[in-house]
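2 protein chains.
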Amino acid sequence: MAEEEVSNKQIILKDYVNGFPKESDMIFKTTTVKFKVPEGSNAILVKNLYLSCDPAMRFRMRKTEGSYVDSFVPGSPITGHGVAKVLDSGHPNFKKGDLVWGRSVGWEEYSLITDPETFFKIGCTNVPLSYYTGILGMPGMTAYAGFYEVCSPKEGEFIFISAASGAVGQLVGQFAKLMGCYVVGSAGTKQKIDLLKNKFGFDEAFNYKEEHDLDAALKRYFPKGIDIYFENVGGKMLDAVLLNMRLNGRIAVCGMISQYNLEQFEGIHNLVFLIIKRIRMEGFIVFDYYHLYPKFLDMVLPYIKEGKIDYVEDIVEGLESAPTALVGLFSGRNVGKQVVVVAHE
Amino acid sequence: MAEEEVSNKQIILKDYVNGFPKESDMIFKTTTVKFKVPEGSNAILVKNLYLSCDPAMRFRMRKTEGSYVDSFVPGSPITGHGVAKVLDSGHPNFKKGDLVWGRSVGWEEYSLITDPETFFKIGCTNVPLSYYTGILGMPGMTAYAGFYEVCSPKEGEFIFISAASGAVGQLVGQFAKLMGCYVVGSAGTKQKIDLLKNKFGFDEAFNYKEEHDLDAALKRYFPKGIDIYFENVGGKMLDAVLLNMRLNGRIAVCGMISQYNLEQFEGIHNLVFLIIKRIRMEGFIVFDYYHLYPKFLDMVLPYIKEGKIDYVEDIVEGLESAPTALVGLFSGRNVGKQVVVVAHE
Numbered sequence: 001m002a003e004e005e006v007s008n009k010q011i012i013l014k015d016y017v018n019g020f021p022k023e024s025d026m027i028f029k030t031t032t033v034k035f036k037v038p039e040g041s042n043a044i045l046v047k048n049l050y051l052s053c054d055p056a057m058r059f060r061m062r063k064t065e066g067s068y069v070d071s072f073v074p075g076s077p078i079t080g081h082g083v084a085k086v087l088d089s090g091h092p093n094f095k096k097g098d099l100v101w102g103r104s105v106g107w108e109e110y111s112l113i114t115d116p117e118t119f120f121k122i123g124c125t126n127v128p129l130s131y132y133t134g135i136l137g138m139p140g141m142t143a144y145a146g147f148y149e150v151c152s153p154k155e156g157e158f159i160f161i162s163a164a165s166g167a168v169g170q171l172v173g174q175f176a177k178l179m180g181c182y183v184v185g186s187a188g189t190k191q192k193i194d195l196l197k198n199k200f201g202f203d204e205a206f207n208y209k210e211e212h213d214l215d216a217a218l219k220r221y222f223p224k225g226i227d228i229y230f231e232n233v234g235g236k237m238l239d240a241v242l243l244n245m246r247l248n249g250r251i252a253v254c255g256m257i258s259q260y261n262l263e264q265f266e267g268i269h270n271l272v273f274l275i276i277k278r279i280r281m282e283g284f285i286v287f288d289y290y291h292l293y294p295k296f297l298d299m300v301l302p303y304i305k306e307g308k309i310d311y312v313e314d315i316v317e318g319l320e321s322a323p324t325a326l327v328g329l330f331s332g333r334n335v336g337k338q339v340v341v342v343a344h345e
Numbered sequence: 001m002a003e004e005e006v007s008n009k010q011i012i013l014k015d016y017v018n019g020f021p022k023e024s025d026m027i028f029k030t031t032t033v034k035f036k037v038p039e040g041s042n043a044i045l046v047k048n049l050y051l052s053c054d055p056a057m058r059f060r061m062r063k064t065e066g067s068y069v070d071s072f073v074p075g076s077p078i079t080g081h082g083v084a085k086v087l088d089s090g091h092p093n094f095k096k097g098d099l100v101w102g103r104s105v106g107w108e109e110y111s112l113i114t115d116p117e118t119f120f121k122i123g124c125t126n127v128p129l130s131y132y133t134g135i136l137g138m139p140g141m142t143a144y145a146g147f148y149e150v151c152s153p154k155e156g157e158f159i160f161i162s163a164a165s166g167a168v169g170q171l172v173g174q175f176a177k178l179m180g181c182y183v184v185g186s187a188g189t190k191q192k193i194d195l196l197k198n199k200f201g202f203d204e205a206f207n208y209k210e211e212h213d214l215d216a217a218l219k220r221y222f223p224k225g226i227d228i229y230f231e232n233v234g235g236k237m238l239d240a241v242l243l244n245m246r247l248n249g250r251i252a253v254c255g256m257i258s259q260y261n262l263e264q265f266e267g268i269h270n271l272v273f274l275i276i277k278r279i280r281m282e283g284f285i286v287f288d289y290y291h292l293y294p295k296f297l298d299m300v301l302p303y304i305k306e307g308k309i310d311y312v313e314d315i316v317e318g319l320e321s322a323p324t325a326l327v328g329l330f331s332g333r334n335v336g337k338q339v340v341v342v343a344h345e
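Chains as they are written, first to last, in full-length UniProt numbering: chain A, 1 to 345; chain B, 1 to 345.
Among the hints, erroneous ones may be present.
All copies of an identical chain are treated as equivalent in the list; a pair is satisfied when it fits inside any one copy or across any two copies.
As the list claims (entries may be wrong) - Simulated crosslink set (DSBU-like; lysine-lysine; CA at most 35 Å straight-line):
hint, residue 1, residue 2
1, K236, K219
2, K236, K22
3, K305, K96
4, K85, K63
5, K199, K9
Think of the hints as simulated: they come from the structure by calculation, not from any bench. All values derive from a computational prediction rather than experimental measurement.
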């Protein structure tokens with residue numbers, strides 16, 4: 001029997017990117033894909049449904065060595081987290097029709113996945129499938145590991161979250177509220193501030209773009225200081241936070257999106273407060289915590305079903321919308337988790 | 001009976017200090033002191049023997065709020081760690097003749113100490129008494145707590161120590177060697193480098209003043225990267241270290257002496273490596289670990305007696321030498337722990 005080939009639209013990275021990524025750094029291409037996994041391979045062939053746009057993908061757009069992820073390959077499709085349906089499987093754990101999510105889905109209609117063991121099979125489907133790019137996927141696990149495992153939070157503590165309406169921040173804030181903490185978030189538009197206060201139940205929120213003096217803003221919302229800072233942005237916000245940390249404070253360094261497109265990272269001047277206030281500042285990567293995923297689902301699925309946690313997604317339709325969506329992350333265009341729909345099923 | 005008064009030479013801080021401290025920021029004064037503790041007080045009157053010059057005293061020379069130590073009082077004697085002999089006591093735990101060390105000895109011949117409960121009674125006296133300003137005092141406990149409690153060291157790990165011949169660094173290096181680590185130190189003179197390699201048994205040492213490219217120097221000594229950085233200096237060295245940390249590395253932030261005299265701290269540009277390499281960076285203060293002091297003595301006294309640990313002190317004679325000794329810390333003039341002898345007994 002001749003192997004069926006079908007057309008496969010892709011989004012290709014043209015070359016390594018300097019500065020802010022632009023839509024023109026990516027091009028469309030239509031190629032073909034065989035509709036079966038190669039004989040004897042343990043790969044899976046999937047139809048991609050939802051693609052995730054994540055700030056950390058910026059690292060992969062430059063030539064990096066020694067990072068925790070490989071660079072993208074210029075001339076090849078962008079890859080990232082996504083939700084997909086198995087069309088054919090050479091792997092004993094997966095069968096046709098399975099829904100999966102994982103970290104190495106191509107930005108294309110169909111992907112041949114050669115490391116299916118890194119994928120999770122989706123069990124619970126009475127939630128939006130796109131949630132597996134967000135609250136039930138990598139960003140959800142990032143919020144869970146970062147908050148509960150890295151921040152060592154205690155009831156009643158004062159928590160500050162930057163990029164607080166983003167895919168991770170909105171969850172950290174809600175976890176912290178459920179624990180009985182005082183929670184303040186920063187974001188960059190009025191709409192996001194409204195979300196933080198009115199939808200996610202943050203105690204306070206402020207638009208960092210409207211604050212000329214971030215130190216003064218933090219002092220206004222944290223007259224007694226900050227116990228935990230969930231760091232998503234870096235740069236000037238981090239410097240202002242360091243001035244406002246409490247004794248034995250913790251800073252979970254999840255991301256520094258303000259820095260990713262700079263030729264040289266901004267200087268942070270106030271690290272001496274790490275000593276004065278005995279602060280623990282810790283970088284983490286969600287991949288180190290994926291063994292906790294079942295435990296995380298046990299906690300978060302009931303919260304979703306009981307309406308105790310909300311999740312806001314910014315969903316765009318069509319693979320062709322993906323470059324704009326990805327680029328938009330770095331200007332804060334997205335409101336909530338940025339998702340691209342390639343196909344609904 | 002009339003209360004006896006004796007003359008008491010003192011070293012007074014003239015005013016808060018900006019920039020590098022100078023000898024002229026301190027003045028001599030001779031006053032008198034009553035030779036008995038006030039009736040009904042639980043203070044102790046001590047004769048000061050050894051005074052400790054510590055980089056962290058720089059913080060107290062400026063007007064600070066919210067720090068872990070109070071500012072010095074302009075017009076009053078400088079205070080710091082020291083070894084003293086009890087002349088009179090209103091406190092049940094201390095009696096005349098006791099030797100003590102603690103953190104609030106005045107820079108003067110005699111001090112009335114109103115918080116004797118913060119002092120340790122010296123038990124073991126078959127070591128130099130000056131050791132209680134160094135290896136058996138605050139710097140020793142700093143090295144012990146910083147290395148064993150903050151760094152989470154493991155045999156065979158790669159350790160880098162800056163200001164490595166100083167009061168704390170020389171001990172951290174020897175503790176690390178005793179644990180079977182690979183240890184490299186940096187310092188600022190040939191004499192110090194020789195000490196590190198030939199007396200303290202560091203595997204390697206380099207003079208940071210002779211390295212135009214600190215990143216390249218670290219890559220030379222750590223081709224596989226650094227597991228633990230014991231941070232004493234801050235600034236450019238920290239930035240270079242961040243580029244060379246290994247996965248799951250730890251940075252114990254003990255001090256940042258290169259920054260203490262600057263109007264604005266230098267910017268640190270490479271904190272994004274905290275994420276990429278999952279680094280924990282933690283500031284600590286020795287005062288939080290003093291409950292471990294008996295355990296520390298149990299470990300370190302045998303090491304001293306068996307010759308497994310050396311300790312180098314830079315001892316100057318006479319209270320009048322104290323300002324020069326203190327100021328010298330910030331140009332790296334001292335070789336080893338800087339001590340001032342006020343009286344030998």
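(request) Indicate which option fits the pair K236, K22 if close means a Cα-Cα distance not exceeding 35 Å: within, between, both or neither. (result) Answer is both; intra-copy 24 Å and inter-copy 33 Å each pass.
(message) Please sort K236 with K219 into within, between, both or neither, judging by C-alpha distance up to 35 Å.
(response) both (15 Å within a copy, 30 Å between copies)
(request) Classify it for me, K85 with K63: is the Cα-Cα distance of at most 35 Å met within a copy, between copies, both or neither? (result) Answer is within: at 31 Å inside a copy they meet the 35 Å cutoff, but 64 Å across does not.
(message) Please sort K305 with K96 into within, between, both or neither, judging by C-alpha distance up to 35 Å.
(response) within (28 Å within a copy, 72 Å between copies)
(request) With 35 Å as the alpha-carbon cut-off, assign the pair K199 and K9 to within, between, both or neither. (result) neither (37 Å within a copy, 67 Å between copies)
Hint check: a violation occurs at hint 5 only; the rest are consistent with the structure.
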